[in-house]
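> Here's the letter readout for the chains.
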Amino acid sequence: MTFDELKKTWQSQQTGFKLTIDSDMLLKEVKRNKKHFASAIFWRDVREAGLCVILSIFFLYVGIRLALWPLFLLAALILGVGLFLVVDRAFQKRKAPKSTESLGGCIEDALAQVNHQIRLLKSVLWWYLLPPGIGMTISCVYLAYLLRRAPTWCLLIPVASFIVMTIVLWRVYHLNQCAVRKELLPRRAELEQLLNALTTANDQSAS
Amino acid sequence: MSADTHEEIFKKWLDEHGNLILRVVRAYAHIGEDRDDLFQEILIQLWSSIAAFRGDAAETTWIYRVALNTALVWQRSQTRRRRRHHQLIANLNHASQQAGNFSDTMRDGQIIEQLYDGVRQLPKIDGSLILMHLDGLTYEQMADVLGITKNNVGVKLNRAKKQLAPLLKGLIDDF
Numbered sequence: 001m002t003f004d005e006l007k008k009t010w011q012s013q014q015t016g017f018k019l020t021i022d023s024d025m026l027l028k029e030v031k032r033n034k035k036h037f038a039s040a041i042f043w044r045d046v047r048e049a050g051l052c053v054i055l056s057i058f059f060l061y062v063g064i065r066l067a068l069w070p071l072f073l074l075a076a077l078i079l080g081v082g083l084f085l086v087v088d089r090a091f092q093k094r095k096a097p098k099s100t101e102s103l104g105g106c107i108e109d110a111l112a113q114v115n116h117q118i119r120l121l122k123s124v125l126w127w128y129l130l131p132p133g134i135g136m137t138i139s140c141v142y143l144a145y146l147l148r149r150a151p152t153w154c155l156l157i158p159v160a161s162f163i164v165m166t167i168v169l170w171r172v173y174h175l176n177q178c179a180v181r182k183e184l185l186p187r188r189a190e191l192e193q194l195l196n197a198l199t200t201a202n203d204q205s206a207s
Numbered sequence: 001m002s003a004d005t006h007e008e009i010f011k012k013w014l015d016e017h018g019n020l021i022l023r024v025v026r027a028y029a030h031i032g033e034d035r036d037d038l039f040q041e042i043l044i045q046l047w048s049s050i051a052a053f054r055g056d057a058a059e060t061t062w063i064y065r066v067a068l069n070t071a072l073v074w075q076r077s078q079t080r081r082r083r084r085h086h087q088l089i090a091n092l093n094h095a096s097q098q099a100g101n102f103s104d105t106m107r108d109g110q111i112i113e114q115l116y117d118g119v120r121q122l123p124k125i126d127g128s129l130i131l132m133h134l135d136g137l138t139y140e141q142m143a144d145v146l147g148i149t150k151n152n153v154g155v156k157l158n159r160a161k162k163q164l165a166p167l168l169k170g171l172i173d174d175f
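Protein sequence lines, in the order shown, are assigned to chains A and B.
Residue numbers are given in the working numbering: position 47 of the first sequence equals residue 47, and the series is strictly consecutive.
Residue numbers are given in the working numbering: position 51 of the second sequence equals residue 51, and the series is strictly consecutive.
Don't read these hints as lab results, they were simulated from the structure.
Treat each hint with caution, since some may be false.
What the hints assert, rightly or not - Derived pair list, reagent style BS3-like, types lysine-lysine, alpha-carbon separation capped at 27 Å:
1) K34(A) - K150(B)
2) K95(A) - K34(A)
3) K122(A) - K150(B)
4) K95(A) - K122(A)
5) K150(B) - K8(A)
6) K11(B) - K98(A)
7) K95(A) - K31(A)
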């Protein structure tokens, strides 16, 4: 069989094969899915930013009640993390790849998005973990200072808090680095390969 | 553009070019669940693209561009949360309304399946060129869809055909 005969077989198969598509049903699905996706993204942002706000209010309240000034700092740092998350998401939303532009542009946008995610997760220690970590550490040290005249076992409270916090932060850091290694780096390699295939082809024809 | 017009265009595109989308889905997603995800993703992108459609490009070229752009940068896990409908794609492999002799249909069906398998094994961009070529798109249209030059389409398409031939296990003999 020649390629042209293959092409004819393909085309005759495609014209004879007419799958009935219920466009009304699909339209409803698309609208519902778009709405569902937009709402899932919105509530994810609200959840993450909301958690930061709630924690800030909590630490502010406890700080006022117990007159522990380091907790004010902790509340402010956590609020800062929440704010950073919201601003970054809003900024990235605008730069999402558009399927109507050229393939090269579409791949470049997708690549930029993956690179941004990699940068964000690789530096998660600095913008996500360290701010509340510093706030908590200062609070623990200050608490230990306040309890310096109390029975020794009372020191267990700030020490245990510090240990638990360190374990949690380390675990979060580890999970983020795993996500970079297992998901984002292979994805970046895949997109780079795709972009290379396209740009190499363009360079070849230009020369 | 009013909401009604938007919907009418979408439905018209689905009625007239639905099979084109399904072919792209079939070429880039092998298993049922992935096909559902990719199909939905393409439909969502197509719906969003209507506002940008000015009629400068032919509808086929536009839909091909949206479908291929989506399929080429599509990530399996990214769209799983959107999965809703299954039936349409699940029946794709079994549905055949081809008229004519049953054994011919079976044979052609096997050839087509072998072709899809071959396309899936090619580098993604080469696969898309083969797909468009089989669908009868001109070099200009293919260049427009992929954003590469016409010359380039020729060079890459020839190379893709050569790569495809051994994957079709002796089906093609003019290379």
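> Now tell me, hint by hint, if it's right for this structure.
Verification of the supplied hints:
1. K34(A) - K150(B): Violated: K34(A) and K150(B) sit about 36 Å apart, past 27 Å.
2. K95(A) - K34(A): The given pair, whose Cα atoms are some 18 Å apart, holds under the 27 Å limit.
3. K122(A) - K150(B): Violated, at roughly 41 Å.
4. K95(A) - K122(A): Between K95(A) and K122(A) the Cα gap is close to 20 Å, so the pair holds against 27 Å.
5. K150(B) - K8(A): holds (23 Å)
6. K11(B) - K98(A): At roughly 21 Å apart (the allowed maximum being 27 Å), K98(A) and K11(B) satisfy the hint.
7. K95(A) - K31(A): holds (22 Å)
Consistency note: the structure conflicts with the earlier hints numbered 1 and 3.
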